[in-house]
Each structure stands twice: as C-alpha cells, then as structure tokens.
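Student: Please arrange chain Z on chain W, whose structure you already have, making use of the hints.
First to last, the sequence lines map onto chains W and Z. So in this note's numbering, spot 36 of the first sequence is number 36, and the numbers just go up one at a time. So in this note's numbering, spot 105 of the second sequence is number 105, and the numbers just go up one at a time.
No lab work stands behind these hints, which were simulated from the structure alone. Predicted model only: the values in this text are computed from it and were never measured. By construction, the Cβ of each residue, glycine as well, lies at the ideal position given by its N, Cα and C atoms. You may find that some hints are simply not true.
[Said to hold, decoys possible] Residues from chain W that keep clear of chain Z, each with C-beta distances beyond 12 Å, as calculated: (1) Glu15; (2) Thr20; (3) Gln45; (4) Phe62.
[Unchecked claim] On the chain W side, residues computed to face chain Z include the following (Cβ under 8 Å): (5) Ala17; (6) Phe18; (7) Ala27; (8) Tyr39; (9) Glu42; (10) Gly43; (11) Leu44; (12) Leu46; (13) Lys49; (14) Asn99; (15) Phe100; (16) Phe102; (17) Gly103.
The primary structure of each chain is shown beneath.
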Amino acid sequence: GDSVTQMEGPVTLSEEAFLTINCTYTATGYPSLFWYVQYPGEGLQLLLKATKADDKGSNKGFEATYRKETTSFHLEKGSVQVSDSAVYFCALRGNYGQNFVFGPGTRLSVLP
Amino acid sequence: AAGVIQSPRHLIKEKRETATLKCYPIPRHDTVYWYQQGPGQDPQFLISFYEKMQSDKGSIPDRFSAQQFSDYHSELNMSSLELGDSALYFCASSPPGGLIYNEQFFGPGTRLTVL
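Isolated chain W, as found in the complex (with noise of 0.2 Å):
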C-alpha cells in the first residue's frame, strides 16, 4: 500500500536557520503530495502542496519540490522564526483513493 516515511524528530535550530525536513513516498500512479502542520494544541493545517511531478509548493517561506525520480517531497525554509515550532506532516493523496496517508510527523523547535 501507500506510505509515505519522514526523518525523525525533533530537529532543534536556532532563529534563522535554514531547515530541511526529508520526505519519501512510495505509492503507485500519480500522487499529490501535502504538507501539513499542526502547532501545539490544534488542528492539521495545510502548508503546501503539489500535485504533478516538479511542481514547487510554497507558502509563509516554506517550499518542496515534487520529484518523481527520487520520490521525494522534501520541505525547506531559508530562515525559520520561533513561531514556526510545530510538527510537520508530509502526507499523500493517491490517485485511486480519497484518504490521506500521512508520515509520523517530525516535531520542529526553533529556538530564540
């Protein structure tokens, strides 16, 4: 079946440094790929998304590439701020299915 595997948290960085968070999938067919965060005490927000091979997904700072070659999905950022400590969820989509299939989760902590 689909899956999809992260690096393991938690990354600790300091203000303004650069963050990368891999992503990997494995899935048959065409799947969209997401990015999802969930700060402390709430729910799943949509960060970024893509939905075709090498199209960019970006948003507040934060981008990832959808490369079929490598099936990699990975999240960066030039500079992270304190109020981007959360966790971050990469997740797929199939394109023969409707739910989402979400990897474990790597805990961000940005520290002043």
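Tutor: Only chain Z this time, still in chain W's reference frame:
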C-alpha cells in the same frame, strides 16, 4: 471563511461507556473523513462518506460506527470505550467536483480521554 466544525472539543469518558463525536463540514462540501491521532502519532484514516454513503474504510474498529446525514454533517459513534481509544479525532471535508487532487480541510479535532 467557514471551517470544519467539530463538537465537542474535549470529551472525557470512562471505560465501556459510549461517545458520539460530531462533524460539520464546510458548506457545500459533500465528503467527510474521520481520522484518529494517538499521542505522538500520525493521523490514521478511519472512514469516509461521500453523499451520505460510506465511500472508504480504514482502520476503524468494529466498536465504532459512523454515518453522514442529509445535511452532510457526520457523527462517529464509539461504544465499549477502551483506554486505547484516547486520542485526537479529526474530521476533514472536501468539496465536490472530483476526488482527485482535492485537498482535505481539517477541523480542530475532538480530544477524547478514556479513564
């Protein structure tokens, strides 16, 4: 903009009791999904409904049932609660016009604690 509404936000029950969680999708969304997120875990898909019919089923225990009503709201009924059912339960909805590539909009979740 209207979002997905879930009620209650917090619920405390004892073992073997029953619980009902409600989800009100974004207006004009016709598909509802339920997910369970245990402590420190990723959300796991339980079940989904499209136009009031069950459309997909994931890892939902037999003790749980769900339905979608004519106004598209959905209820997740949980019986014979166990300690392991303590989790955050998310509802998500998506709009009509095709299932492919549509994102799901998540509600804030209901935190269920079973004592």
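Student: Now look at each hint and say whether the structure bears it out.
Tutor: The hints, checked one at a time:
1. Glu15: Per Cβ check, W:Glu15 is outside 12 Å of chain Z; nearest 25 Å; holds.
2. Thr20: Check passes; 20 Å lies beyond 12 Å.
3. Gln45: The assertion about W:Gln45 is violated, with a minimum of 7 Å to chain Z.
4. Phe62: At about 16 Å from chain Z, W:Phe62 clears the 12 Å cut-off, so the statement holds.
5. Ala17: Status violated, d = 24 Å.
6. Phe18: violated, 25 Å
7. Ala27: Violated, because the Cβ-Cβ distance from W:Ala27 to chain Z comes to roughly 13 Å (cut-off 8 Å).
8. Tyr39: violated, 11 Å
9. Glu42: holds, 6 Å
10. Gly43: Constraint on W:Gly43 satisfied, holds at 4 Å.
11. Leu44: holds, 4 Å
12. Leu46: holds, 6 Å
13. Lys49: holds, 6 Å
14. Asn99: Given a least distance of 4 Å, the restraint on W:Asn99 holds.
15. Phe100: Result: holds, 6 Å to nearest chain Z Cβ.
16. Phe102: Cβ of W:Phe102 sits 4 Å from chain Z, so the hint holds.
17. Gly103: holds, 6 Å
Going through the hint list in order, the structure does not satisfy hints 3, 5, 6, 7, 8.
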